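Engineer: Read off the chains here:
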Amino acid sequence: MDEMQRYLKEVRRSLRLDRKTRARVMSDLAGDLESRRQAGQTPEQIRAELGSPAQAAAALNEAFPDHRSDASGWRWLFVAVAGIWIFLVTDLPGRVLRLFTADSASIGIIGGADGPTAIFVTSKWPGLVSDGVPLLSACLAGFLLLGWCRRGGKGRLWLPILLCVFSLVGAVFFGGLLPLAMTASALGFDGWSIAGMAVTRLLHCGVWMSLPLLVAAILRYRKR
Amino acid sequence: MLVLQLLARQPSHGYGLILALREESGGLLDLKEGTLYPILYRLEDEGCIASAWAAPRESAVRERATPRKVYTITEAGRQALAAEQTVWQEFSACVRTICGGKNHG
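For the protein sequence lines, the chains are A and B, in the order given.
Just so we're aligned, residue 1 is where the first sequence starts under this note's numbering, counting upward by one.
Just so we're aligned, residue 225 is where the second sequence starts under this note's numbering, counting upward by one.
Since the hints were derived computationally from the structure, they do not count as laboratory data.
From a predicted model like this one, the values you see are computed outputs, not experimental measurements.
Glycine included, every Cβ here is placed at the ideal spot set by N, Cα and C.
Each hint should be verified, as a subset may be incorrect.
[What the hints assert, rightly or not] Some residues of chain A that are not near chain B, with every Cβ distance over 12 Å (derived):
(1) Met4
(2) Lys20
(3) Asp70
(4) Lys154
(5) Phe173
(6) Ala195
(7) Ala198
[Said to hold, decoys possible] Some but not every residue of chain B turned toward chain A, in silico, with C-beta under 10 Å:
(8) Leu260
(9) Glu270
(10) Glu314
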């Protein structure tokens with residue numbers, strides 16, 4: 001990779017423009033750097049005229065105030081977390097696949113039969129929903145907070161706030177915290193054991209994500 | 225108007241326009257890419273100019289040179305240029321009249 005390609009790559013990394021404008025700018029800039037090179041300018045001269053990649057990108061960012069996109073690349077981390085959860089924890093692709101294969105018939109028979117296997121197979125789904133819905137809501141809230149919410153007005157922040165609240169409520173009521181507390185107290189566990197189990201359940205439901213996201217969304221709402 | 229005027233003479237890529245503006249204005253109009261691109265994209269979105277990838281020369285193909293986008297004025301662009309020139313002439317004539325007029329009193 002020559003110096004001008006590195007320069008272009010660094011400019012591209014610092015551009016905060018929507019996809020279409022970024023593609024437009026980068027294609028023109030690549031062509032113009034080539035023109036400068038063919039006109040006999042050295043990479044040093046080009047740098048002297050355009051400035052560092054960060055300066056060039058900053059000038060371009062300022063030139064397109066209506067096409068700014070301050071979305072953070074970190075938002076894809078939330079998509080990754082949701083994806084990993086779906087693939088690894090729920091085995092959802094495997095479940096969907098089995099619906100269309102010969103195994104699906106046997107699942108139906110097992111599910112319809114009596115005994116512990118039937119209980120195991122059928123009792124997995126409610127757990128997936130009660131754990132998954134809060135976690136996936138939190139992932140969606142994080143994704144929106146770092147992307148969509150950075151454009152437009154502060155009203156957009158209401159969506160991640162509501163998603164986080166929904167996630168927390170879901171974790172408490174459907175994620176098993178309330179049933180757990182009731183069962184544990186009925187079985188005579190002490191307070192510390194119940195608290196320990198409750199924390200484990202909350203972590204399992206994605207509260208570790210939705211709670212800080214809720215705080216961040218509220219703080220950003222108040223700051224705007 | 226100046227960009228349209230330059231493109232009315234001949235199609236050009238971005239850096240060609242920057243050079244032409246700098247040279248013909250005696251260095252007064254030294255545009256940067258960040259200033260030129262918004263003008264080009266607005267004109268293109270309005271249909272006043274069109275862009276196309278220039279076919280690279282044989283030597284450029286050998287050197288794996290980056291293809292360049294060349295801008296061309298359209299018929300709508302020529303009409304817009306004519307209208308803007310009329311407005312500019314009226315405006316500059318008005319300024320000349322006022323500034324060149326004798327002081328009263």
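Engineer: Each hint needs a verdict: does it hold in this structure or not?
Structural biologist: Going through the hints against the structure:
no. : hint   : in the structure
1   : Met4   : 9 Å, violated
2   : Lys20  : 10 Å, violated
3   : Asp70  : 18 Å, holds
4   : Lys154 : 27 Å, holds
5   : Phe173 : 51 Å, holds
6   : Ala195 : 58 Å, holds
7   : Ala198 : 55 Å, holds
8   : Leu260 : 9 Å, holds
9   : Glu270 : 15 Å, violated
10  : Glu314 : 30 Å, violated
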